[in-house]
Structures are given as C-alpha cells and as structure tokens.
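Heads up: the protein sequence lines correspond to chains A and B, in order. For the first sequence, position 276 (counting from the first letter as 1) is numbered 276 according to our numbering, and the numbering increases by one without interruption. For the second sequence, position 32 (counting from the first letter as 1) is numbered 32 according to our numbering, and the numbering increases by one without interruption.
For the record, the hints were derived by calculation from the structure and aren't laboratory data. Some hints could be false.
To be verified - Taking lysine-lysine pairs in the DSSO-like style, the calculated list, with each CA pair at most 27 Å apart, reads:
#1 B:K126 / B:K19
#2 B:K358 / B:K408
#3 A:K294 / B:K131
#4 A:K97 / B:K146
#5 B:K191 / B:K19
#6 B:K131 / A:K325
#7 B:K358 / A:K23
#8 A:K21 / B:K3
#9 B:K351 / A:K66
#10 B:K331 / A:K396
#11 A:K417 / A:K325
#12 A:K294 / A:K231
#13 B:K136 / A:K327
#14 A:K241 / A:K401
#15 B:K89 / A:K401
#16 A:K241 / A:K81
#17 A:K241 / A:K182
#18 A:K21 / B:K250
#19 B:K126 / B:K111
#20 A:K66 / B:K89
#21 A:K338 / A:K417
#22 B:K357 / B:K408
#23 A:K417 / B:K250
#24 A:K294 / B:K136
#25 B:K224 / B:K19
#26 B:K136 / B:K55
#27 A:K294 / A:K393
#28 B:K244 / B:K171
#29 B:K408 / B:K331
#30 A:K97 / B:K357
#31 A:K182 / B:K299
#32 B:K131 / A:K338
#33 B:K55 / A:K393
#34 A:K177 / B:K183
#35 B:K183 / A:K294
#36 B:K331 / A:K177
#37 B:K183 / B:K131
#38 A:K194 / A:K231
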Amino acid sequence: MRYNRTELSGNIGFSSIIDEKFKTAGLVVRFITELSGEKAAANALGIGVLSSSSAEYRTLAELNEKLSSLYGASLTTFTRKRGDVQVLGLSASWIDKRYAFDGEDLDKEMLGIIRGCIFEPNAENSEFDADSYMITKNDLLDRIDAELNNKRGYALSRAAEIAFRGEPAEFSCYGTKESASKVTSAEAYAAYRKLLETAQVEICYIAPEEDPAVLEMFRESFGAVSRNSGKVTFRSVSPAKPETITESDEFDVLQCKMVMSFKTDSDDMFATKLLSTVFGETPVSKLFMNVREKLSLCYYCACRYTYSKGSIMVDIGVERENIEKAKAEILRQLDEIKQGNITDADIESALLSLDNALTQIGDTPSSYSAWYFERFCDGEIVTPEEQYENYKKVTKERIIKAANSLSLDSVYLMLDKEEQA
Amino acid sequence: MEKELIRSERTGDSCVHVKHRSGLDIYICEMPGFSSVEALFGTKYGSVNTMFRQKGDADFTTVPEGIAHFLEHKLFENEDCDVFELYAKTGASGNAFTSFDKTAYLFSCSKNYQESLRILLDFVQKPYFTKETVDKEQGIIGQEIKMTNDNPEWRVFFNMLRCMYHEHPVKIDIAGTVESIAKIDADLLYKCYYTFYNLNNMVLSIAGNISADEVLAICDECLKDCDDKGLETVFPDESDTIVKSEIREKQPVGAPIFNLGYKCGACTGEERLRKTMVASIVSSLLSDASSDMYQRLLKAGIINSSFGTEVFTGDGYFTVIFSGESGSPEKVRDAVTDEVDRMLSEGICEKDFQRIKKSTYGMFVRELNNVEAVANLMMNSHMDGVGPYDAINVISGITSEDALAFMKNELRRDRLVMSVIEGEG
Numbered sequence: 001m002r003y004n005r006t007e008l009s010g011n012i013g014f015s016s017i018i019d020e021k022f023k024t025a026g027l028v029v030r031f032i033t034e035l036s037g038e039k040a041a042a043n044a045l046g047i048g049v050l051s052s053s054s055a056e057y058r059t060l061a062e063l064n065e066k067l068s069s070l071y072g073a074s075l076t077t078f079t080r081k082r083g084d085v086q087v088l089g090l091s092a093s094w095i096d097k098r099y100a101f102d103g104e105d106l107d108k109e110m111l112g113i114i115r116g117c118i119f120e121p122n123a124e125n126s127e128f129d130a131d132s133y134m135i136t137k138n139d140l141l142d143r144i145d146a147e148l149n150n151k152r153g154y155a156l157s158r159a160a161e162i163a164f165r166g167e168p169a170e171f172s173c174y175g176t177k178e179s180a181s182k183v184t185s186a187e188a189y190a191a192y193r194k195l196l197e198t199a200q201v202e203i204c205y206i207a208p209e210e211d212p213a214v215l216e217m218f219r220e221s222f223g224a225v226s227r228n229s230g231k232v233t234f235r236s237v238s239p240a241k242p243e244t245i246t247e248s249d250e251f252d253v254l255q256c257k258m259v260m261s262f263k264t265d266s267d268d269m270f271a272t273k274l275l276s277t278v279f280g281e282t283p284v285s286k287l288f289m290n291v292r293e294k295l296s297l298c299y300y301c302a303c304r305y306t307y308s309k310g311s312i313m314v315d316i317g318v319e320r321e322n323i324e325k326a327k328a329e330i331l332r333q334l335d336e337i338k339q340g341n342i343t344d345a346d347i348e349s350a351l352l353s354l355d356n357a358l359t360q361i362g363d364t365p366s367s368y369s370a371w372y373f374e375r376f377c378d379g380e381i382v383t384p385e386e387q388y389e390n391y392k393k394v395t396k397e398r399i400i401k402a403a404n405s406l407s408l409d410s411v412y413l414m415l416d417k418e419e420q421a
Numbered sequence: 001m002e003k004e005l006i007r008s009e010r011t012g013d014s015c016v017h018v019k020h021r022s023g024l025d026i027y028i029c030e031m032p033g034f035s036s037v038e039a040l041f042g043t044k045y046g047s048v049n050t051m052f053r054q055k056g057d058a059d060f061t062t063v064p065e066g067i068a069h070f071l072e073h074k075l076f077e078n079e080d081c082d083v084f085e086l087y088a089k090t091g092a093s094g095n096a097f098t099s100f101d102k103t104a105y106l107f108s109c110s111k112n113y114q115e116s117l118r119i120l121l122d123f124v125q126k127p128y129f130t131k132e133t134v135d136k137e138q139g140i141i142g143q144e145i146k147m148t149n150d151n152p153e154w155r156v157f158f159n160m161l162r163c164m165y166h167e168h169p170v171k172i173d174i175a176g177t178v179e180s181i182a183k184i185d186a187d188l189l190y191k192c193y194y195t196f197y198n199l200n201n202m203v204l205s206i207a208g209n210i211s212a213d214e215v216l217a218i219c220d221e222c223l224k225d226c227d228d229k230g231l232e233t234v235f236p237d238e239s240d241t242i243v244k245s246e247i248r249e250k251q252p253v254g255a256p257i258f259n260l261g262y263k264c265g266a267c268t269g270e271e272r273l274r275k276t277m278v279a280s281i282v283s284s285l286l287s288d289a290s291s292d293m294y295q296r297l298l299k300a301g302i303i304n305s306s307f308g309t310e311v312f313t314g315d316g317y318f319t320v321i322f323s324g325e326s327g328s329p330e331k332v333r334d335a336v337t338d339e340v341d342r343m344l345s346e347g348i349c350e351k352d353f354q355r356i357k358k359s360t361y362g363m364f365v366r367e368l369n370n371v372e373a374v375a376n377l378m379m380n381s382h383m384d385g386v387g388p389y390d391a392i393n394v395i396s397g398i399t400s401e402d403a404l405a406f407m408k409n410e411l412r413r414d415r416l417v418m419s420v421i422e423g424e425g
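With the rest of the complex left out, here is chain A (with noise of 0.2 Å):
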C-alpha cells in the first residue's frame, strides 16, 4: 500500500491510496463546515443534489442508465455529524478496468461523471434543475421523518441533543423537518456554492493502480473556483453540566432505551479510548460481562467514545422496571474501574481486541478512507500501525485516571407507555 498525501492551494487536501489488492477503484469528496441548526439542511440539500444529476447526465434516469452501464458504479451523497463539525460529501465506487468485457476505461468514465456533478451540477440562474431539487428535498424530509423507525439510533440522537445543548453538536446533520421545508432550490444552491468556495475540504482516491489525472482533475477544477477557506475546529470538549438531568419520551414500544451520557475533559484520547474499550466495547468488557450476562437484563449495553466532544455514551434496551437496576450496575462497573479494580488482563484483551480491528483497516476502501480521514481530523495522521504503539504505551494508572474524569452530564430515557390502569 502506498500511501500519499498532497495539499491544494486554497486549504484543500488530497490522499491517495494505492493497494493493488483492491478489485476497485474509488473517491471520497468531503465538505468540512461547522454544523449550524440555520445552515444544516440546506448544506444538507446543496450537496444531496448532486447525486441526482448533472449538466451532462440532466435527470435521475440518465445518471443512473450511465453508472448502470459502467458495471453498476456507484456514486451517492452524504451528511454526517462529526462533533460540532458538519462532512457533506460525495462518495463514488466502480470495478476495475481489468474485470470489464471490452476493455472500457472505466476511470475515465467516472472521472468525467464526478466531476460534471461536483463542478458543473444541474444548475441554471443560481437554482439548482427544479425537478432534481424536488426529488432531493421530498428525501431529505423523508429521511428526518423516518428517524424514528430506527429506535436505538433515535435514543442515540436524542441523547445528543441533551448532552450537547447549547452547541452546534445538539443539532442533527440534516436539520429540522421545519428548517428544511423551508429551503428554496435558490437557497440550496447558494449554501452548495458557499460549501464549494469556503468549506474545508479533503478528497480520498483509493484505487489499484495509481492515476495522475484524477489529482489534475481536481487542482484544475478547484482552481476555477474562488476559494477563500478557513480551518474547521474539529474537537470542541463539550463541559459536564453542573447536575445530572433525566429527559425522557414516551412511544408505543415493547422495550425501553436508555442512554448515560458522560463527560470528560481528559486530553489522553488513548487512556480514555482503552477505558471505553474495557468497559463497554467488546463482548468480554465490564457491561456486556455483568449488565447483560449476569444480571440477563438486556441484548445489549454498549459505549462508545467521542473524542471530539470528550464523550461516552453508555447505551441499553431494558424492561422499564429494569431501568434503575441496569442504571445502577453500570454506574456500579465504572466506579470499579475508578477504583482501579481492572486486571492486566482486561487491560490485554482490549488492546489486542484494538490491534485486531486497526490491522483489518487496510482491508476495505470504505475503512481505509474514513480511517485517514479520522486521523487528519483528529490533527495526526498515523498508520494503524503506528496508532497501536500509542495505546500500547498507556498504562493502568491512565486508564483509572480517564475514569475518573468522566461524570454523568445527562440521562435520556425512551419509555414504553404504561397500561392504564
């Protein structure tokens, strides 16, 4: 593998990723903003569009007649939350020019196809093809709606909202169902050709074999944009609330969701990751060995990290009459671990759980990319390699000094609704 990383004038970044054992070639485009409750869904909108058409392909049916034709390539947008970061994007995928019939240039093609949707989208008079935008708009609205659908993901965002109040982070990627209603084609359009002149951005080309026009494509297609980009903030510790506060909803469903919110302002991004690791990310950590094995209290009870926000959110489906009890044992797991009650052989086997999953990176595309990508933002890049040798050096007094650091900010409960009586 080989791997390089090159800056663009106007705080642009390209990486690229050459492993000939990859079938496939692909490319990653992100727009880095700040996430804004009045900006999100039009960011949102701007860049979804994309997708759906270009001044070359002009509707849905003929970009995807293209990419069908091209072995079923595939191009598609995103918005995720990083923080208090917004990364809108553009993601595209397509078989190697070795596996196809009669020898189509199939980089070529996709080159050519990305760039019409990034340069020279479905555009006239500042407003983005009225029907592509309409298409667009309908999904995203769909999207926000159907949030709910997915019960553990909805107490996750909730839970969210709770813990980062009063921060960009509070705010979902894509908005409100209200704000997002209100986003003209004009509006989009002028929020993607903001994103395109001031956002950070970073490109990704992950591919068998290296290709010297896809790094010329963009320098001269950025090159005519005006581009006048400051740097994005991408850790911004989110401050633990003074008390503790309990919210919660009710919802017609069989199991309840409970998610901890704790807080840290502990910099050891390794200590405080083996700390998560230990306690809740694998199948043989604190809460999965004693919530869910000895006490049988749930499916699942899991954490998850956050350096961006100094975060770990603990979450869980529990019977409502279970709440307290499952409540109680966590905040009993992590008060052990405070106390310095973890074994070398905790210790171990979350670092060899690490390593496993850091070596396995270099196996996917999709973790290749999000990985450099993660490393750019978190201010280093590291191999997986050179990654592991950080967390090998923290040591169990860390580790009990990251849980220590750590105080419940806030509770989010999603509650069954009680039988009446």
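Starting from the known structure of chain A, arrange chain B on it as the hints suggest.
Just chain B now, with coordinates in the frame of chain A:
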C-alpha cells in the same frame, strides 16, 4: 482427503474445497495482500427446521419456535468459561448468527488466526447446557425479541411472510416468541444439537490471510470423526396461494414503510441459483433507479431513495420483494403490477437487459474484493448446493426470454402481498 481447486475463469479468483474425513466440507480462499481472516463454521440448521428425524427414528420430532437461535446463544458458553473470554486472549472478534436456514459461528482477526480457529472448531463441537444456563438466557433473548419487534423493518417483513405462507415455518420469527422459548430446556437443546451439528451437515469456510495447508492441519487436529446419521428435515405442504393480500399495522414510525412480495415457486440447487439471478435482473428491469416506473413514482413523491428490491429464497420459499417508505403503498403496488403487465405486452428493451446484466456482474466482482464477503459466499453457495463462482457463469447465460417467462409465470397479481407499517397519528 483430496483438494479440489475451484476457479473463476472470468475474474481469476480461486479457492480450495476439501471433503474432510470427519465428514465436514471445508472451503479455503487464500487472499494475498489482505491482512484479515474471516472464518465461518456453519450448520444447515435455521429457524425453518422445526420438524426432523434421523435414520432409525420412526417419527418426526417437532421443536419449539426459536430453538435454533437459542442453541446458537447457548453454544457460546462451555463448561469452564464463556467463549468470548477465549477469543479475548487471541484478539479475534467472535460472533454468530442464526437465519432461516443456517446457523454460523464466526470470527474475524488479523493475527494468530490458528489459535482462533482452534477455539472455533473446539467450542462448536462441545455443547454444554444446564438448567441454570438455559434459564439465564431466557431474559437476554426475551429482550432481543422485544427489540426486534420494535423494529418496523422486521415487523413489516414478517407480517408479509405471514400473509404469504400458510404453513411453511419461514413465517415464524427466527428468535421465536417469549412464550415459545419458555418451552426450551437443556434436553431439547441437546437433541437439536446432536441432530444438526453433525459434521456431515456442516461447512467450514475461511478466507483471507491464511495458508490452506495450515488450516487443514488444524482441522485434522481438532475435528472429531462423525457418522452421517441420515438427517431428514421436512416442511408442511404449502399451497401456491397466499393467505391474504394485505396487512397493515400501526407502530411509532416517522415514515410509513411497506413490503410488496410476490410468492413464487420454490426450488433448489442450480435451479434456485438461476431463478434467483433471473428474479434479480427482472426486479431491476422493473424498478431500478433508471427505470420509468421508479422515475414516475419518485417525481410524484410516492417513493424515495429508500425504495429497493430483494430476492428472498431458501428451502421451500421464494419471493421477490419491493420495499421502501411511502405514504401511498397501494399506488406503488398498482405501479408494479401495471409495469409487469406493460413489459409482458411490449417486451423487454434488449439494451436495458444487457446493461442490467453488466451491473449484476459488477456486483459480484465487488463481493470478491472483501474477505468477509468471500467467506460468506463460499459457505452460502455450499449450503445452496452450488459452487462459489457459479453465479458469474449463470448470469452470462440468462436471456431476455428467461426474464419474460419469469414475469409471466411468477409475478402474478393473485400471489402478491402488501404489508404496511404506518404511524399511530
């Protein structure tokens, strides 16, 4: 013990198949350049296998719904410790799943795969069930059942199956119900284990950064010889007709969702593979994102980008499903049936047909780019009675006449079920 090399002429990929002396079928795919290893140890035993007998049994045994899944959970606990604790010492990520027609135990790792493989082969061959451990699992699986019942995608799918199948156990939930799993005890688990976890009914599939010789040496060391007990599974007679054409349920959802499923004739082996490929091409012709129908419905705001299709098939069942979010699912149903009629009367555009065949081929090439997908492909193909690369060859032989014949014979209005989950408001 002979090694058979299986190769795809089209992509150049290859793997090794061995019929081990223990009775186990083993598939090994060395993937140079990849760091990880994915191993699956699977048995042809899923939620649909509720009636069975072995050579010498006079009668068939019927077991409670959800027992294959319950057994999967319990096999992770052996006499001395939890299997996850053993994997924790190698760094492998262990897991398991039960589907309609199979149960598989798996691990993925990047280092020390040999030791993880020994753990996998060992624990799956060593059942240990007691009243206490069975009782403990009731609570955990009870929560899993409640979680899946709160999942509208799961509900809409099973509601559709219940309207489609009169008798076939594909209509029962994989995990069973809180009531059915209460009937499960250690004796029943042992009975099912010794029936289905016979190595002659199982397959080991392993792909990635491995050596075939090393894998086979570990198999020689860990596999216990096993007599073929002549397992026979049966399914109740299933009529061609559906139970009812429509079902609606209210749940707390933000966006209503639907499944439209055609009940098609079931088949096995190569015939099933071919029929699956034809069905997949037909559903794309009718409704992929470049089709007229998709565009019409999208512009009218009746569907959104969640719309998709799936061919769902196994022993005794075969359905083609159109699914997505819609406030007007009956309009989607009408559009699908009208589009089938239109294509039957006007024929299939040959250019579109060839394009979709290319796209389907591209999907297979992508699959071979991924260690996990390759391991799953080898196991699934074996259990389906076909070779891992057969699909690529089958696609090239499919004609537009095959597609039209499938539409005419299988996509019948009287075999169509619509299942909807709508909001409570």
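Hint check:
1. B:K126 / B:K19: holds, 22 Å
2. B:K358 / B:K408: holds, 23 Å
3. A:K294 / B:K131: holds, 15 Å
4. A:K97 / B:K146: Roughly 47 Å between the alpha carbons, so the hint for K97 (chain A) and K146 (chain B) is violated.
5. B:K191 / B:K19: holds, 26 Å
6. B:K131 / A:K325: Judged against 27 Å, a Cα distance of about 25 Å means the pair holds.
7. B:K358 / A:K23: Holds, because 16 Å separates the two Cα atoms, which is no more than 27 Å.
8. A:K21 / B:K3: holds, 25 Å
9. B:K351 / A:K66: With a Cα-Cα distance of about 12 Å, the restraint between K351 (chain B) and K66 (chain A) holds, given a limit of 27 Å.
10. B:K331 / A:K396: Given pair K331 (chain B), K396 (chain A) is violated - Cα atoms ~61 Å apart, limit 27 Å.
11. A:K417 / A:K325: holds, 19 Å
12. A:K294 / A:K231: Measuring from Cα to Cα gives roughly 48 Å; hence the hint is violated.
13. B:K136 / A:K327: Distance of about 20 Å is within 27 Å: holds.
14. A:K241 / A:K401: holds, 20 Å
15. B:K89 / A:K401: Measuring from Cα to Cα gives roughly 25 Å; hence the hint holds.
16. A:K241 / A:K81: holds, 22 Å
17. A:K241 / A:K182: Roughly 34 Å between the alpha carbons, so the hint for K241 (chain A) and K182 (chain A) is violated.
18. A:K21 / B:K250: With Cα atoms ~48 Å apart, K21 (chain A) and K250 (chain B) exceed 27 Å; violated.
19. B:K126 / B:K111: Roughly 25 Å separates the two Cα atoms, so the pair holds.
20. A:K66 / B:K89: Status violated; Cα separation ~49 Å.
21. A:K338 / A:K417: violated, 36 Å
22. B:K357 / B:K408: holds, 20 Å
23. A:K417 / B:K250: With Cα atoms ~15 Å apart, K417 (chain A) and K250 (chain B) stay inside 27 Å; holds.
24. A:K294 / B:K136: Distance of about 8 Å is within 27 Å: holds.
25. B:K224 / B:K19: holds, 14 Å
26. B:K136 / B:K55: Violated - the C-alpha atoms of K55 (chain B) and K136 (chain B) are around 34 Å apart, more than 27 Å.
27. A:K294 / A:K393: Violated, at about 32 Å.
28. B:K244 / B:K171: holds, 13 Å
29. B:K408 / B:K331: Distance ~21 Å between K408 (chain B) and K331 (chain B) Cα, so the pair holds.
30. A:K97 / B:K357: The given pair, whose Cα atoms are some 17 Å apart, holds under the 27 Å limit.
31. A:K182 / B:K299: holds, 19 Å
32. B:K131 / A:K338: With Cα atoms ~36 Å apart, K131 (chain B) and K338 (chain A) exceed 27 Å; violated.
33. B:K55 / A:K393: violated, 59 Å
34. A:K177 / B:K183: violated, 47 Å
35. B:K183 / A:K294: It holds: about 22 Å lies between the C-alpha atoms, which stays within 27 Å.
36. B:K331 / A:K177: holds, 25 Å
37. B:K183 / B:K131: holds, 12 Å
38. A:K194 / A:K231: holds, 15 Å
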